[in-house]
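Going line by line, the protein sequences match chains A and B.
Numbers 1 to 462, taken from the working numbering, label the letters of the first sequence in order.
Numbers 1 to 462, taken from the working numbering, label the letters of the second sequence in order.
Don't read these hints as lab results, they were simulated from the structure.
Accuracy of the hints is not assured; some may be wrong.
Claimed, not checked - Derived list of chain B stretches under chain A, where covered just means 3 residues or more per stretch with a C-beta under 8 Å from a C-beta of chain A:
1. 237 to 243
2. 283 to 295
3. 445 to 455
This one's a predicted model, so the numbers in the text were calculated from it and none came from an experiment.
The beta carbon of each residue, even a glycine, is placed where N, CA and C say it ideally should be.
Listed below are the residues making up each chain.
2 protein chains.
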Amino acid sequence: MPASLNRAVQYAHQNQNHFLNDLKKLVMIPSVSTDPEHKSDMLQAAEYLANELRSLGVSQVQLFPTQGHPIVFGNLSSARDNVPTVLIYGHYDVQPPDPLDLWQSLPFTPEQRGDHLYARGASDMKGQIIASLKAIESIVKTGEMPVNVKFLFEGEEEIGSPNLDSFIEDHKALLACQVVLNPDSGMIAPDVPTIIYALRGLAYFELRVYGPAHDLHSGVFGGVVYNPAQALSLLVAGMHDHQGRVTLPGFYDRVRPLAPEERDEFARLPLDEDYFLKQTGATELWGEAGFTPAERVGARPTLDVNGLYSGFTGKGSKTVIPAWAMGKISMRLVPDQDPQEVQQQLLRYLEEHPLPGIRWELTAMAGGPACITDRTSGYTQALARALETVWGKPPLFKREGGSIPVVASMQQLLGVDSVLTGFGLPDDNIHAPNERLHLPTWFMGIDSLVHFFFNLQENKDE
Amino acid sequence: MPASLNRAVQYAHQNQNHFLNDLKKLVMIPSVSTDPEHKSDMLQAAEYLANELRSLGVSQVQLFPTQGHPIVFGNLSSARDNVPTVLIYGHYDVQPPDPLDLWQSLPFTPEQRGDHLYARGASDMKGQIIASLKAIESIVKTGEMPVNVKFLFEGEEEIGSPNLDSFIEDHKALLACQVVLNPDSGMIAPDVPTIIYALRGLAYFELRVYGPAHDLHSGVFGGVVYNPAQALSLLVAGMHDHQGRVTLPGFYDRVRPLAPEERDEFARLPLDEDYFLKQTGATELWGEAGFTPAERVGARPTLDVNGLYSGFTGKGSKTVIPAWAMGKISMRLVPDQDPQEVQQQLLRYLEEHPLPGIRWELTAMAGGPACITDRTSGYTQALARALETVWGKPPLFKREGGSIPVVASMQQLLGVDSVLTGFGLPDDNIHAPNERLHLPTWFMGIDSLVHFFFNLQENKDE
Chain A
1 MPASLNRAVQ YAHQNQNHFL NDLKKLVMIP SVSTDPEHKS DMLQAAEYLA
51 NELRSLGVSQ VQLFPTQGHP IVFGNLSSAR DNVPTVLIYG HYDVQPPDPL
101 DLWQSLPFTP EQRGDHLYAR GASDMKGQII ASLKAIESIV KTGEMPVNVK
151 FLFEGEEEIG SPNLDSFIED HKALLACQVV LNPDSGMIAP DVPTIIYALR
201 GLAYFELRVY GPAHDLHSGV FGGVVYNPAQ ALSLLVAGMH DHQGRVTLPG
251 FYDRVRPLAP EERDEFARLP LDEDYFLKQT GATELWGEAG FTPAERVGAR
301 PTLDVNGLYS GFTGKGSKTV IPAWAMGKIS MRLVPDQDPQ EVQQQLLRYL
351 EEHPLPGIRW ELTAMAGGPA CITDRTSGYT QALARALETV WGKPPLFKRE
401 GGSIPVVASM QQLLGVDSVL TGFGLPDDNI HAPNERLHLP TWFMGIDSLV
451 HFFFNLQENK DE
Chain B
1 MPASLNRAVQ YAHQNQNHFL NDLKKLVMIP SVSTDPEHKS DMLQAAEYLA
51 NELRSLGVSQ VQLFPTQGHP IVFGNLSSAR DNVPTVLIYG HYDVQPPDPL
101 DLWQSLPFTP EQRGDHLYAR GASDMKGQII ASLKAIESIV KTGEMPVNVK
151 FLFEGEEEIG SPNLDSFIED HKALLACQVV LNPDSGMIAP DVPTIIYALR
201 GLAYFELRVY GPAHDLHSGV FGGVVYNPAQ ALSLLVAGMH DHQGRVTLPG
251 FYDRVRPLAP EERDEFARLP LDEDYFLKQT GATELWGEAG FTPAERVGAR
301 PTLDVNGLYS GFTGKGSKTV IPAWAMGKIS MRLVPDQDPQ EVQQQLLRYL
351 EEHPLPGIRW ELTAMAGGPA CITDRTSGYT QALARALETV WGKPPLFKRE
401 GGSIPVVASM QQLLGVDSVL TGFGLPDDNI HAPNERLHLP TWFMGIDSLV
451 HFFFNLQENK DE
């Protein structure tokens with residue numbers, strides 16, 4: 001191991017407490033991007049990251065205002081010539097913490113219990129941003145960066161990154177790089193280092209169903225109007241058939257079939273039925289017939305109801321026929337489905353299922369296509385070797401069920417691939433109560449990112 | 001017209017402002033029985049009525065505590081012998097006012113706009129209680145009561161009267177009477193005096209559907225578990241068939257078929273399709289095939305979703321697979337359906353539709369059987385003549401879609417029929433935002449109750 005790498009790894013080991021404290025400071029800022037009441041918290045989180053960058057000696061730290069929350073940019077040039085530039089992407093916003101009553105500790109008061117740090121954002125993805133920054137800190141405090149690094153931290157990932165694409169488009173020269181490091185994915189298990197080479201896309205909608213002009217008494221009017229909550233239920237129920245397939249017209253037309261080699265690869269992943277039963281706590285699994293659970297999550301499109309609301313939902317009883325009902329409905333997409341096409345398919349489905357006295361409104365909330373990246377590139381191999389050095393075994397390559405639309409944007413707008421990793425785990429409860437981060441895995445992640453940056457210098461600036 | 005009756009009617013005419021002010025005072029008390037935070041308001045409303053009774057010279061005014069909200073009782077004996085005793089039933093609790101943002105004025109700040117008084121409870125049924133009390137005030141301030149009157153005002157009607165039956169059972173002697181006056185129904189239109197002779201029953205449930213052990217990320221786990229919101233939608237959607245019939249097994253087994261004479265009577269009511277379109281603001285009607293809208297509301301059982309809740313319902317998007325979903329589901333029943341039997345039918349329906357990884361819990365919230373009363377009795381005829389005197393035309397007899405379980409209780413526990421009337425109108429928005437009371441109809445209602453009490457004296461105490 002070269003001396004400079006050795007010093008950096010030692011620094012990382014000696015500063016674990018300090019790294020953890022800095023993460024705690026960041027997760028204490030309730031940067032919930034979807035909620036207008038947290039606008040000032042969003043700014044505070046952006047400022048926190050800008051200060052972190054300044055303390056690394058990043059020369060060009062800038063906060064770019066957007067129509068929503070600001071984008072944090074930084075540029076840290078290596079003293080060496082002819083080395084590649086890696087752009088580190090992250091998002092500093094988090095999901096809303098509700099339902100609050102299911103948290104064992106307060107979502108924005110980080111609490112360490114056993115090997116875990118519990119807080120909203122600890123895993124998704126403030127922990128991953130801090131891991132990247134602390135790997136760089138370990139290098140710059142003990143020597144110099146072997147590659148150029150740029151930083152792009154947005155505050156709107158959890159609401160669909162509405163202002164990111166236009167920012168990238170407007171700042172192509174500023175963001176120019178050879179590869180993106182995106183640590184917004186995760187590992188399969190603490191002892192299974194993982195590189196994600198494909199992601200599902202997302203198409204998220206709010207469907208509002210309207211019936212009578214106002215709420216009605218269910219005694220006085222029960223029997224004469226179609227109930228909007230019943231209409232929504234019928235529409236939602238009809239979106240799957242008995243084989244667990246999505247019924248939107250044309251939904252599967254552009255889905256790439258799984259090659260036999262890919263199915264073999266899926267079969268090698270330690271993601272059997274028992275694994276998913278344990279992770280979900282469900283008593284039985286369910287999904288599209290003809291595919292394994294890992295295939296369904298990684299390589300097949302799905303449709304889920306994310307929320308339902310209608311009428312009286314408080315304690316007790318209220319005999320009302322609600323005037324309207326609302327469903328949040330989203331699809332996970334795979335190559336080569338297109339979010340706009342899926343919206344048209346949903347509209348066609350709704351139009352093909354008219355109900356008496358019922359009208360509806362559909363709003364697209366967020367979306368992005370699926371993507372697959374090249375896993376034989378030198379950048380991906382640099383990460384693979386780094387993970388192997390720290391974990392003592394080669395990483396698994398995996399297609400991921402979640403969506404990271406920015407990966408597609410970077411490909412389309414900057415022409416660069418993303419190397420996807422991250423040190424969260426499947427049972428981190430991201431987007432759910434009691435989100436947590438497994439600290440031993442996180443510290444090994446910081447080590448492996450130190451190795452990654454040193455490995456990267458073998459890739460020339462092309 | 002006898003002089004005493006004449007004086008009472010004159011008093012009623014001269015005191016309309018004072019009557020209205022007393023109603024305003026009562027509706028300003030937010031007596032929402034279902035909400036524990038309004039417990040002290042419930043007591044305040046009960047005390048208000050007790051004071052009203054005292055001011056009428058009612059000798060025996062008592063507040064009976066229950067496990068929930070208190071029952072107000074009073075006894076006003078006539079100086080005459082051998083006259084019947086009428087028990088006036090009312091409820092001083094109201095429905096919750098939500099959704100608050102749809103009210104044009106505050107729900108508990110009564111506002112007069114045009115001919116209407118807007119406030120929660122103005123029509124259902126504080127207005128009807130005050131109408132009864134003010135009719136009696138008009139008589140006792142100008143003469144003496146021609147009949148004995150007892151008062152029973154409960155505070156739990158809107159939550160299913162959980163403590164009323166046991167109270168009636170324990171106080172049969174105190175409540176002994178020849179007939180109940182229950183003004184908790186209404187009129188078809190301002191110019192159509194109405195007597196209700198049948199009511200639908202109610203069976204109200206909360207259905208909770210559970211799936212994974214906790215909320216899941218829809219990307220990481222979309223495709224492996226049955227989504228509880230989808231499960232609830234499927235279960236709700238399946239509760240009606242394409243003919244608009246309820247599919248619970250055995251649901252129609254005990255429904256009395258409509259006799260040809262009854263269908264003729266329904267056809268005479270001014271309740272055609274246009275009427276229901278106007279009242280509901282729906283663009284199209286819907287319901288059980290083979291029956292007119294008026295028949296469906298008055299004489300056929302129905303099932304409605306009163307509320308839906310699952311997952312994320314705030315602004316924006318949250319990509320969650322919810323751990324559970326909740327539906328409030330209620331049935332309106334007709335003779336001779338039984339609420340307990342209907343609960344068994346719903347349980348059987350749920351058991352016959354198992355879904356993978358999904359379990360459910362069903363809670364019965366409120367309920368009571370339907371009932372039909374004798375419309376040829378002397379008491380009903382006393383009311384019919386009173387309405388005819390004031391409105392100048394005979395009342396229509398109607399089967400009502402709403403539920404008043406206390407009518408069945410009075411029949412079963414005290415062995416007495418109820419005379420059902422009330423001066424609310426179908427567009428009073430009861431149980432909905434902007435509840436209101438049509439004041440010209442209400443004042444005529446007070447007059448007609450004055451006549452009713454005088455007419456009643458022809459019925460002997462049997």
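Are three or more residues of the region 237 to 243 of chain B within 8 Å, CB to CB, of chain A?
holds (count 4)
Are there at least three residues in the region 283 to 295 of chain B whose beta carbon sits under 8 Å from a beta carbon of chain A?
holds (count 7)
Quick check: do three or more residues in the region 445 to 455 of chain B have a beta carbon closer than 8 Å to a beta carbon of chain A?
Answer violated; 0 residues pass the 8 Å Cβ test.
Of the numbered hints given earlier, the model fails hint 3 alone.
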